[in-house]
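Engineer: Sequence:
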Amino acid sequence: MNAVYVSSKKDLELLLERIKRFHSPKRYLEQYETPPSIVAHILWKAFMNGDILGKTVAELGCGVARFSLGSLMLGAEKVLCIDIDNDILRYASSALEREFKPLSNRIVYMASDIRDLNMQSIDTIIMNPPFGVVKRNRGLDMVFLRKALQVSPAIYTIHKYSKQLDSIVLSITSKLGYRITYQEMLDFPIPMMFVTHRRRIYRVKSVFYVIKRGVYGS
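Numbering (the working numbering) for the sequence shown: 12 to 229.
Read the hints as simulated data drawn from the structure, not as lab findings.
Any given hint could turn out to be false.
To be verified - Pairs of lysine-lysine, DSS-like flavour, derived with a Cα cap of 27 Å:
(1) K56 to K21
(2) K112 to K186
(3) K56 to K31
(4) K20 to K223
(5) K37 to K171
(6) K171 to K31
(7) K20 to K216
(8) K89 to K223
(9) K112 to K56
(10) K171 to K21
(11) K112 to K216
(12) K89 to K31
(13) K223 to K56
(14) K20 to K112
(15) K21 to K89
(16) K56 to K216
(17) K171 to K186
(18) K21 to K31
(19) K174 to K186
(20) K186 to K56
(21) K174 to K56
(22) K56 to K89
(23) K171 to K56
(24) K21 to K186
(25) K216 to K31
(26) K223 to K186
(27) K20 to K171
(28) K31 to K20
(29) K216 to K171
(30) K112 to K174
(31) K223 to K171
(32) K21 to K223
(33) K89 to K112
(34) K216 to K37
(35) K112 to K171
(36) K112 to K223
(37) K56 to K20
All chains should be built: construct the whole structure from the sequences, respecting the hints.
Structural biologist: Laid out in structure tokens, this is it:
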């Protein structure tokens, strides 16, 4: 069994802050960073549920790989870090090698469009898919969710809130024998990153779901 490197959610958050924001984010890919506080919150929930320690974890749309790194700190056996963008994968790989070298040999980086991804069974998937703020990405978060449901019994995911969101997620998951075991509203901050931004920070109402195959309660 791999070691757990942190003793609290706050310790995890502080270590995740060492992975800095990607210097050249692409708006069309919605490369908004997930704040360390939110990453730590979700990972701690997964850890306490028994879905990290000794498990194989995949992060879909991994970006700078904070969920991947945090999973390793919490004792994951192996982590798959998957993103469509080679540039951000190189950045993530370099950052983890520089800041957390002892952990870097247990992470595998994969460049792939999620729609083309062919994976074997994964113990746990943790992801913050594109919210669909960019028109071309509308509905892409549900593409991510469907892919996750194909390969993992335990999914931790964030989605932009809408009045229809719960019913959409419930419909997709229940048809495949999954249950929403936990959900929580999140205030997701997006800093001024692109020329189209007019405010210093945008706060996006979002929902964090825990989804399990054939399980009630969490």
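Engineer: Can you name, in rising order, the numbers of the hints this structure does not satisfy?
Structural biologist: 2, 11, 24, 30, 35 and 36
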